[in-house]
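Q: Given next are the chains, with one letter for each unit.
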Amino acid sequence: MPHLEIHDLTVSYEKNKPTLERFSLEVEQGELLSLLGPSGCGKTTTLRSVAGFIQPDAGQIVINDRDYTHLPPNRRDIGLVFQSYALFPHLTVFYNVAFGLRMRRIPKDEIYSRVTNALEMVGLEAFADRRPAQLSGGQQQRVALARATVIEPQVLLLDEPLSNLDARLRVDMRQEIRRLQQQLGITTLYVTHDQVEAMSISDRVVVMNQGEIEQIGTPESIFAAPETVFVADFMGFDNRFKAEVASVQGSKLTVNWGGAPIELRWHSKFGSPRPGAGAEIFFRADNASLSAGSEASGLAGYVILHTFHGNELRYLVETDIGEFSIMQDSASQRFEPGTTVTVQPHTQKWIAIIEETEEYA
Amino acid sequence: MVSRWMYLSLVILYGFLLGPFIIIFMASFGANATMAFPPQGFTLDWFTNVFETSQFIDSFWISLQLALLSTIVSLIMGMPVAYALTRFQFAWAGMVETVFSAPILVPGLVIGFAMLNFFVLLGDMHVMTGLFIGHTAILFPYSVRVISASLRNLDPYVEDAAVSLGANRLRGFLLVVLPNMQAGIAAAFVLGFITSFNNVPVSLFLSGPGVTTLPVSMLSYLEYYFDPTIAALSTLLVIFTVLLVQTAERILGLSQFV
Numbered sequence: 542m543p544h545l546e547i548h549d550l551t552v553s554y555e556k557n558k559p560t561l562e563r564f565s566l567e568v569e570q571g572e573l574l575s576l577l578g579p580s581g582c583g584k585t586t587t588l589r590s591v592a593g594f595i596q597p598d599a600g601q602i603v604i605n606d607r608d609y610t611h612l613p614p615n616r617r618d619i620g621l622v623f624q625s626y627a628l629f630p631h632l633t634v635f636y637n638v639a640f641g642l643r644m645r646r647i648p649k650d651e652i653y654s655r656v657t658n659a660l661e662m663v664g665l666e667a668f669a670d671r672r673p674a675q676l677s678g679g680q681q682q683r684v685a686l687a688r689a690t691v692i693e694p695q696v697l698l699l700d701e702p703l704s705n706l707d708a709r710l711r712v713d714m715r716q717e718i719r720r721l722q723q724q725l726g727i728t729t730l731y732v733t734h735d736q737v738e739a740m741s742i743s744d745r746v747v748v749m750n751q752g753e754i755e756q757i758g759t760p761e762s763i764f765a766a767p768e769t770v771f772v773a774d775f776m777g778f779d780n781r782f783k784a785e786v787a788s789v790q791g792s793k794l795t796v797n798w799g800g801a802p803i804e805l806r807w808h809s810k811f812g813s814p815r816p817g818a819g820a821e822i823f824f825r826a827d828n829a830s831l832s833a834g835s836e837a838s839g840l841a842g843y844v845i846l847h848t849f850h851g852n853e854l855r856y857l858v859e860t861d862i863g864e865f866s867i868m869q870d871s872a873s874q875r876f877e878p879g880t881t882v883t884v885q886p887h888t889q890k891w892i893a894i895i896e897e898t899e900e901y902a
Numbered sequence: 296m297v298s299r300w301m302y303l304s305l306v307i308l309y310g311f312l313l314g315p316f317i318i319i320f321m322a323s324f325g326a327n328a329t330m331a332f333p334p335q336g337f338t339l340d341w342f343t344n345v346f347e348t349s350q351f352i353d354s355f356w357i358s359l360q361l362a363l364l365s366t367i368v369s370l371i372m373g374m375p376v377a378y379a380l381t382r383f384q385f386a387w388a389g390m391v392e393t394v395f396s397a398p399i400l401v402p403g404l405v406i407g408f409a410m411l412n413f414f415v416l417l418g419d420m421h422v423m424t425g426l427f428i429g430h431t432a433i434l435f436p437y438s439v440r441v442i443s444a445s446l447r448n449l450d451p452y453v454e455d456a457a458v459s460l461g462a463n464r465l466r467g468f469l470l471v472v473l474p475n476m477q478a479g480i481a482a483a484f485v486l487g488f489i490t491s492f493n494n495v496p497v498s499l500f501l502s503g504p505g506v507t508t509l510p511v512s513m514l515s516y517l518e519y520y521f522d523p524t525i526a527a528l529s530t531l532l533v534i535f536t537v538l539l540v541q542t543a544e545r546i547l548g549l550s551q552f553v
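Top to bottom, those sequences are chains A and B. Quick note, this note's numbering runs 541 ahead of the 1-based positions in the first sequence. Quick note, this note's numbering runs 295 ahead of the 1-based positions in the second sequence.
Watch out, some of these pointers could steer you wrong.
Said to hold, decoys possible - Simulated restraints on C-beta separations:
1) Met372(B) <-> Lys649(A): 36 to 44 Å
2) Lys649(A) <-> Ile371(B): 32 to 40 Å
3) Gln570(A) <-> Leu465(B): 53 to 61 Å
4) Gln596(A) <-> Leu469(B): 51 to 59 Å
5) Trp387(B) <-> Gln751(A): 29 to 37 Å
6) Phe346(B) <-> Tyr653(A): 53 to 61 Å
Unchecked claim - Pulled from the structure, derived: some chain A residues nowhere near chain B, Cβ distances all over 12 Å:
7) Asn615
8) Asp700
9) Asp735
10) Ser792
11) Glu804
Stated by the list, open to error - Selected chain B positions facing chain A (Cβ under 10 Å, derived; list incomplete):
12) Arg299
13) Pro334
14) Gln350
15) Ala444
16) Leu449
17) Pro451
18) Tyr452
19) Glu454
20) Asp455
21) Ser459
22) Gly461
23) Ala462
24) Leu470
25) Gln477
No wet-lab data here; the hints were simulated from the structure. No residue lacks a Cβ here, since even glycine has one placed at the ideal position from N, Cα and C.
Could you build the full structure based on these sequences and the hints that come with them?
A: Here you go:
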């Protein structure tokens, strides 16, 4: 049985323009689930509905088999971490973390031991008497984490917790959040617009777009096998082109690549496409290679420019069906701009997505 | 070279700002029967005279009561307005802000004259009531502005954080928002108090027989006498105001809001 259930949640800020419409989601006990999507996709609305700050028009929120839908936010037993940290500026680190326990009228000595323990978990026991303004951004967010988890909440909600931190600190904090979450075994909903962050931290990822779930799955499956054009775009597939489906055999379909047929995995929402249908083909820059000259068994083009990325060189190649970005080991043969090359596909990592309804058999 | 010019212009600037005070200060100890500079002799008679002139003592108490009362009421009225303006987005926010700024933008004489006519229309009103309403009205925008500034410095999500940790909305406000508004409220108090205490144009119109504020009675005293009593009183007022502001600055760090 899932620990957190969202059933048919409908929220609208404007009349007849719902941000979420019949949105449903289930999170398992101890799982870290990310809501990933661009701003305005409804991920923060979902989070704030679970926290109780938004009263939905319809739908139900169930935690641990108990209906939370009409419970006020201060009685929900939910830990919340904000992008802006939202620490109490007039209180010391100790009293920031103690706040939730004091609201619960827990005895003083128990508060002391629990707060001390929580601060130890985030490595800030030496900072108990500081004010938030005396801490760095990363330290402030760790205090916020301690404050949200010390109350041993049913569910932990994190709203873009790393967006105010600089890039290097973000990677450290990512690991710290994940370690703490696994140590406490706490069911967690994590909102982010950063796909790398979502991939690295989550048990499962929900990709959202305009209030709808585009795809839900493990980071590995979403990374390797996006099911919609939106997800493929969002997951950073560098290259995209349109092709006509030549034939379909079970889980593979054939399209034409520079005169030669190639077999690709495909995905569509509506079943098997018919031959002649239009497909969107996606591949990453490191899922193709270049060879010198024009060959019969591949797509020929010429190099426009290359850029240096340490171990790799990234080429921009112009072909008859579009420009492609292709990564090569920088130790391998180098092609200067203007050189004619052939693009060799690594088709097992490519994916064809068919979305238009009239394209189906 | 640049710094020498900067020093020079600073000295000139301070000269113009402080010069008049220094002259008043020195004249208040002078033995001449009229204001004179440089003063001759030394006496504290003019200070004694201030305390013996019942007109000043009475109007001082009126000014003090008026300043305290109208400042406190304008703060109580200003707080919810400042809170609403900074925390909620609503259609008329810009309009509301403009209307609330009007008493700062409209000349004091115009406000005083307008209020006098308005109160006469309303009929028999106690002079003190009129003064109180007038002063509260001119202080209100200052309260709203200064308290808004202190609220804008506070992350709006701290309230949500408090609520998610188990506090209801009221407790969240009392335990988290109010403590962080303290400095702003104190700043608004000092600013409001001084503004009311020093106000001439509005008080001039709204004063009545026997009920006059200190600055207005100083003005009418000046019409008949030109002895250094006024200088002595001014010296006392400057010391009083400077002490008030210094204390507030020391305790609260006022200057971040004004």
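Q: Give a verdict on every hint.
A: Evaluated hints:
1. Met372(B) <-> Lys649(A): 36 to 44 Å: holds (40 Å)
2. Lys649(A) <-> Ile371(B): 32 to 40 Å: holds (35 Å)
3. Gln570(A) <-> Leu465(B): 53 to 61 Å: Once the Cβ atoms are compared, 34 Å apart, the range 53 to 61 Å for leucine 465(B) and glutamine 570(A) is violated.
4. Gln596(A) <-> Leu469(B): 51 to 59 Å: violated (24 Å)
5. Trp387(B) <-> Gln751(A): 29 to 37 Å: holds (31 Å)
6. Phe346(B) <-> Tyr653(A): 53 to 61 Å: holds (58 Å)
7. Asn615: Not fine: 5 Å to the nearest Cβ puts asparagine 615(A) too close to chain B.
8. Asp700: Nearest chain B Cβ is 9 Å from aspartate 700(A), so the label is violated.
9. Asp735: holds (20 Å)
10. Ser792: holds (46 Å)
11. Glu804: At roughly 52 Å from the nearest Cβ of chain B, glutamate 804(A) sits farther out than 12 Å, so the non-interface label holds.
12. Arg299: violated (39 Å)
13. Pro334: violated (51 Å)
14. Gln350: Since the shortest Cβ distance to chain A is 46 Å, the answer is violated.
15. Ala444: violated (15 Å)
16. Leu449: holds (7 Å)
17. Pro451: holds (8 Å)
18. Tyr452: holds (4 Å)
19. Glu454: With Cβ-Cβ at 9 Å, under 10 Å, it holds.
20. Asp455: holds (6 Å)
21. Ser459: Given a least distance of 4 Å, the restraint on serine 459(B) holds.
22. Gly461: holds (3 Å)
23. Ala462: Alanine 462(B) check passes; min Cβ-Cβ to chain A is 5 Å, inside 10 Å.
24. Leu470: It holds, given that the least Cβ distance between leucine 470(B) and chain A is near 8 Å, below 10 Å.
25. Gln477: holds (8 Å)
In the structure shown, a violation is registered for the earlier hints numbered 3, 4, 7, 8, 12, 13, 14 and 15, in ascending order.
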